[in-house]
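Protein chains: 2
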Amino acid sequence: MTDTLLETAPLAIDETAADRIFRQARTTSQWTDAEVTDAQLQAAWDLAKLGPTAMNTLPLRLLVVRSAEARQRLVPHMAEGNRPKVEAAPVSLVLAADPAFHEHLDELFPVYPGIREQLAPATEVREGMARKNALLQAGYLVVALRAVGLAAGPMDGMDFDGVDGEFFAGTGWKSFMVVNVGVAEGEGSPYPRNPRLAFDQVAEVL
Amino acid sequence: MTDTLLETAPLAIDETAADRIFRQARTTSQWTDAEVTDAQLQAAWDLAKLGPTAMNTLPLRLLVVRSAEARQRLVPHMAEGNRPKVEAAPVSLVLAADPAFHEHLDELFPVYPGIREQLAPATEVREGMARKNALLQAGYLVVALRAVGLAAGPMDGMDFDGVDGEFFAGTGWKSFMVVNVGVAEGEGSPYPRNPRLAFDQVAEVL
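Read top to bottom, the protein sequences are chains A and B.
Taking my numbering as reference, the numbering of the first sequence is continuous, increasing by one, and the terminal residue is 206.
Taking my numbering as reference, the numbering of the second sequence is continuous, increasing by one, and the terminal residue is 206.
This is chain A alone, in the form it adopts within the complex (with noise of 0.2 Å):
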């Protein structure tokens, strides 16, 4: 176990990107009054999406949850210490995985004609698909809204089946995270950071 923050190989980044994106940035829950723009999400995104995925399909999608309106909707279907994290929050974004990816694929994926037709029979496995590479992005997308100044609180203690039925009926969207998203207060969280686990805890070399 280790908690140091040293690299043993040089940065080809400076300092402040990697505080940034990793060294200083926490999950977080305590948030500044800052408004979270739909120019500053697009601008997360225009770099999230630049992430690989299989076949550039870009699964991810996206729900915005900013007005009142809408969080006291997706806030009953949230775990009980949820709740208030959601209510809380600026914004609140409830990332989905989209098996009709699919669809978009003879632009997104040229390179392979007919690669739409073939999958659009195979349900279970453009499920399949659309979950694995949406949580992949999920991962850029976090990097991506820090990259942006803003900070995420991720979160998957929620009903997903009752967030699909409340927002996402008729579209097919599997929702699987919410990320609460804004300007972090201090440091964001009242907690100190979890240890964790060091390279030769997790990997092995051959």
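In short, the hints are calculated from the structure, not lab data.
Keep in mind that the hints are not guaranteed to be accurate.
Claimed, not checked - Quick list of simulated restraints, FRET-style, between CB atoms:
hint : chain 1 : residue 1 : chain 2 : residue 2 : range
1    : A       : 83        : B       : 110       : 20 to 28 Å
2    : A       : 32        : B       : 157       : 41 to 49 Å
3    : A       : 121       : B       : 34        : 40 to 48 Å
4    : B       : 76        : A       : 100       : 31 to 39 Å
Where a beta carbon is used, it is the ideal one built from N, C-alpha and C, also for glycine.
Position chain B relative to chain A; hints supplied.
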């Protein structure tokens, strides 16, 4: 559909860092002959490990395939089109999810005493949590590899059960992706970047 790299709000990291981690980074298949050291991989891990996971579970595990012997064991389990990519890469990381992550939770998540014991009999729950959070960490890892000056070529066309039998027998680790790693030759890819979905194609605002 948009190919623009212009953001609509200012970044909180410098332009070089944004280029490095997202805007100029490509899924890489063309490499210089520069070595990838364990120190570089550890530096990337020391950033990626800081990204948030549910209950700080950190289930991502890495098999670093560097020796000719290890590479020859991995290649036959890859989809045919991915075999030359593994053969050409300085290093290939097999990314896996560890359903036994709960064994570390006394240290990793001390705020919830007893969670280790509570999760121990819930094998299926742990498998789902491991896969979900390891995929999220895979997104952090792609960014972190780039942040230490490496390029990444993620692939998921492979026989996962075959890889698990070859390398992970007895550990319970479940492979879900291979990421080729090295220093990109030029742009790292012979192909132009594929288009991406624009914010208004993936987001709904309420």
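Here is what the structure says about each hint:
| no. | hint | result |
| --- | --- | --- |
| 1 | A:83 with B:110: 20 to 28 Å | holds (24 Å) |
| 2 | A:32 with B:157: 41 to 49 Å | holds (45 Å) |
| 3 | A:121 with B:34: 40 to 48 Å | holds (45 Å) |
| 4 | B:76 with A:100: 31 to 39 Å | holds (34 Å) |
Taken one by one, the earlier hints all hold for this structure without exception.
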